[in-house]
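Protein sequences, first through last, are from chains A and B.
No gaps in the numbering here: position 265 of the first sequence is 265 in this note's numbering, and each next residue is one more.
No gaps in the numbering here: position 218 of the second sequence is 218 in this note's numbering, and each next residue is one more.
If you're looking for bench data, these hints aren't it; they were derived computationally from the structure.
Just to be clear, a hint being listed does not mean it is correct.
Heads up, the list lumps identical chains together, so a pair's fine if it works in one copy or across two of them.
Capping the alpha-carbon separation at 27 Å, the derived lysine-lysine pairs in DSS-like fashion look like this [as the list claims (entries may be wrong)]: (1) Lys-365 to Lys-284; (2) Lys-287 to Lys-365; (3) Lys-394 to Lys-372; (4) Lys-394 to Lys-365; (5) Lys-365 to Lys-286; (6) Lys-181 to Lys-286; (7) Lys-122 to Lys-354.
There are 2 protein chains.
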Amino acid sequence: MAFFCNFTLTQTTSNSMINQYIHDNKDRFINELLDMLRIPSVSADKKFKADVLRTAEFVQARLAEAGADKVELVETAGNPVVYGEKIIDPSLPTVLVYGHYDVQPADPYELWNSPPFEPVIKDGNIYARGACDDKGQMYMHVKAFETMVKTNTLACNVKFMIEGEEEIGSVNLATFVRENKNRLQGDVILISDTGMLGNDTPSITTGLRGMSYVEVEVTGPNRDLHSGLYGGAVANPINILCQMIASMHDENNHITIPGFYDNVQELTQEERAEMARAPFNLEKYKKAIGLSDVHGEEGYVTMERNSIRPTLDVNGIWGGYTGEGAKTVIASKAYAKISMRLVPNQSSEEITEKFKKHFESIAPKSVTVEVKPHHGGEPVVTPTDSAAYQAASKAYEETFGVKPVPVRSGGSIPIVAMFKSELGLDSVLMGFGLDTDAIHSPNEHFGVFNYMKGIETIPLFYKHFADMK
Amino acid sequence: MAFFCNFTLTQTTSNSMINQYIHDNKDRFINELLDMLRIPSVSADKKFKADVLRTAEFVQARLAEAGADKVELVETAGNPVVYGEKIIDPSLPTVLVYGHYDVQPADPYELWNSPPFEPVIKDGNIYARGACDDKGQMYMHVKAFETMVKTNTLACNVKFMIEGEEEIGSVNLATFVRENKNRLQGDVILISDTGMLGNDTPSITTGLRGMSYVEVEVTGPNRDLHSGLYGGAVANPINILCQMIASMHDENNHITIPGFYDNVQELTQEERAEMARAPFNLEKYKKAIGLSDVHGEEGYVTMERNSIRPTLDVNGIWGGYTGEGAKTVIASKAYAKISMRLVPNQSSEEITEKFKKHFESIAPKSVTVEVKPHHGGEPVVTPTDSAAYQAASKAYEETFGVKPVPVRSGGSIPIVAMFKSELGLDSVLMGFGLDTDAIHSPNEHFGVFNYMKGIETIPLFYKHFADMK
Chain A
1 MAFFCNFTLT QTTSNSMINQ YIHDNKDRFI NELLDMLRIP SVSADKKFKA DVLRTAEFVQ
61 ARLAEAGADK VELVETAGNP VVYGEKIIDP SLPTVLVYGH YDVQPADPYE LWNSPPFEPV
121 IKDGNIYARG ACDDKGQMYM HVKAFETMVK TNTLACNVKF MIEGEEEIGS VNLATFVREN
181 KNRLQGDVIL ISDTGMLGND TPSITTGLRG MSYVEVEVTG PNRDLHSGLY GGAVANPINI
241 LCQMIASMHD ENNHITIPGF YDNVQELTQE ERAEMARAPF NLEKYKKAIG LSDVHGEEGY
301 VTMERNSIRP TLDVNGIWGG YTGEGAKTVI ASKAYAKISM RLVPNQSSEE ITEKFKKHFE
361 SIAPKSVTVE VKPHHGGEPV VTPTDSAAYQ AASKAYEETF GVKPVPVRSG GSIPIVAMFK
421 SELGLDSVLM GFGLDTDAIH SPNEHFGVFN YMKGIETIPL FYKHFADMK
Chain B
1 MAFFCNFTLT QTTSNSMINQ YIHDNKDRFI NELLDMLRIP SVSADKKFKA DVLRTAEFVQ
61 ARLAEAGADK VELVETAGNP VVYGEKIIDP SLPTVLVYGH YDVQPADPYE LWNSPPFEPV
121 IKDGNIYARG ACDDKGQMYM HVKAFETMVK TNTLACNVKF MIEGEEEIGS VNLATFVREN
181 KNRLQGDVIL ISDTGMLGND TPSITTGLRG MSYVEVEVTG PNRDLHSGLY GGAVANPINI
241 LCQMIASMHD ENNHITIPGF YDNVQELTQE ERAEMARAPF NLEKYKKAIG LSDVHGEEGY
301 VTMERNSIRP TLDVNGIWGG YTGEGAKTVI ASKAYAKISM RLVPNQSSEE ITEKFKKHFE
361 SIAPKSVTVE VKPHHGGEPV VTPTDSAAYQ AASKAYEETF GVKPVPVRSG GSIPIVAMFK
421 SELGLDSVLM GFGLDTDAIH SPNEHFGVFN YMKGIETIPL FYKHFADMK
């Protein structure tokens, strides 16, 4: 009983100290994020290489200022990983924080209301590429850590692992993890790179889709041809590519690649009923993205189609004349970037192989095709009965006043599965973004409310996780 | 008898005078063409507007130097038409020469072995955008005219009408013709904007395909979306566009637009047998453009597919992320440029309307589509029993030593049909280019042999046409 009082007392004091510190430093916390958002760390495009490195150095400096030890940029075959740690007591649990400082390309630039790398705050939102994904959400952890250190309330050991290649498939992270197994030992991986259902409906992501991403090239004639002189007599690679892509979905929007669904984990009616309890308004959903109708696999509802079902989407297509006016040409080549989202228990490598085999098999003799695998990742489902999940749930409940809902997301964070296999650690996905944040789109933004809520909620997770271990 | 001797004498003398003059001025004739090829007169792209005008002025100046009267740039709503004439005797027949000084866009630039607007002569060919289509072939007429004037052998009145918008559908030429009916009166229209079967197999084009050119836009969500969070639940406009395009050909490569073939003129077995007599080697054809197999409409051979049958080809397609690396996005919009080649007796306007109606009708409710007509043109068949055709045939026979073969081309010169309807004049299509000249492609070229042969053959056409009228 005494212990209980004492505990609540400590808790109250520490909570109020934490909240006071956050309140006193709010403007600086925001301005530091804006500074980072000004650096265009687009990992997919080599011409931003120097900016990617500047961003890594920015994170490194802020981590050190926040109180981390052994802060360094660990070289990889690609962009460096920012590492830093604070070991206060080896007997305490250790939280391994993962995030990424690279961002998606910002094009099409013309659709942004303000330049993607000149952040502005409007109507309570920070607008910039990376505002939410993942600079904003990653930086909440740096500032929450600073808060715990400065208020002397850090309840766990912490290790930070902030990478710069998430948007290009974390191509070198598995190697980094393998080569640093000892220094990465811990009890849980904490990640904020997902979203919540809403500010009044906090949620924790308990499942993620995997991915297989390929680029295809279809070659017809060995040079561009005059569509008048040759039209009708030779294979037009664009028409052929369209036919090949079209054939990959049947009339029910099932994917036709042989064996594609072989290992797909079908949910039970109970599980689907449980999912259906999450608040969802189809009309609002359509209105938010300007759709007159949704579109997807027969036999599944929208929230299932974008989370527990695999997909095949063309992310980019190009070929022939795309300039102003009209050019009557038959292109020599046509290209597409195609990604498939995977669900348990599909294997990225296996699906990529099946795609390649199928794509080559359906190509008519009149063209040649090439399939280049880009990157992949495995799907995951994280446990909801773990101490980490319970601690996170409790933390959200305290800051939002509502118990968070567990949801399966359609997104992919391939490294979650890799962490499990390489380090034997589960991840807890404490996302504070919203679906409406337009990540990967023009006008990406992140609510100041969400950013600050994250900084408030994270210290509570540390406290509860320490208490429960 | 006396007349006959006298005639042959005159002919021989004039022929030798003409050949002497051409021989003496060959280098200058070539250099003047190279000068014109250095001006990038791309009509499809506004940024070349000034160069287009410079090219018009270049042609105007050369025509005047060659001896034309009343040379002027006639303004239109678009690029000016270069007009010039030489009326030597109202009782003589009048030849109306048509050509165009604008060229196709040169991209993709990286596939050119030498810059498209820095002409080079290699292995007897002039390499440059427009070398053949149509600057080279148009300029043959200017130099042939100069030759006839300077050697005092001009046998007909001449009128030149050289436009600057052929590659964008001659959008303002019909208006020009209507507004200049009087000054454009004549007996025949002479055009060199087509090809020959080979240097040892001269041919005259007696048929051309028409065209309907449209640009389509498919819109799904109102902004680009994250393919993880939305993939599978919303219509991906690129996938949908591919499905719509794919559905426009059936398994026999027949076009599925309702009513598309309604007015197509079917050739008789006799006509098809006659066509089949033109020299054609399928293996050579495939080898020349690097195809392992041809591809086209069931029931027709290659030479029919690219001349007497209508087509539907995607000339350009774009949407989503087309940059380096991978971006997991569902694009808001996808686009395609689509051209349909038409044959007698299809109507461009009617086909465009049918396409629009069909395209809109097959769009799923989950997307919105827009169809923008670009430009069109009507198919034509020109008579082979006319004095003009016979005069052209005789001219080729004298310079090539072989009687030319009449062929139907798959290309389109929409204005041929317009000239017939507006001026009541037939055209004779004296082409000197080859299918291998790569017009509309990188490394377009024109044989010096062909250029000079054209300059030699054209004066003979004038002579025979005058004799036959």
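These are the hints, each one checked on the structure:
{"no.": "1", "hint": "Lys-365 to Lys-284", "in the structure": "between (47 Å within a copy, 17 Å between copies)"}
{"no.": "2", "hint": "Lys-287 to Lys-365", "in the structure": "between (45 Å within a copy, 14 Å between copies)"}
{"no.": "3", "hint": "Lys-394 to Lys-372", "in the structure": "neither (45 Å within a copy, 57 Å between copies)"}
{"no.": "4", "hint": "Lys-394 to Lys-365", "in the structure": "neither (61 Å within a copy, 44 Å between copies)"}
{"no.": "5", "hint": "Lys-365 to Lys-286", "in the structure": "between (42 Å within a copy, 12 Å between copies)"}
{"no.": "6", "hint": "Lys-181 to Lys-286", "in the structure": "neither (45 Å within a copy, 57 Å between copies)"}
{"no.": "7", "hint": "Lys-122 to Lys-354", "in the structure": "neither (46 Å within a copy, 47 Å between copies)"}
Of the numbered hints given earlier, the model fails hints 3, 4, 6, 7; all others are met.
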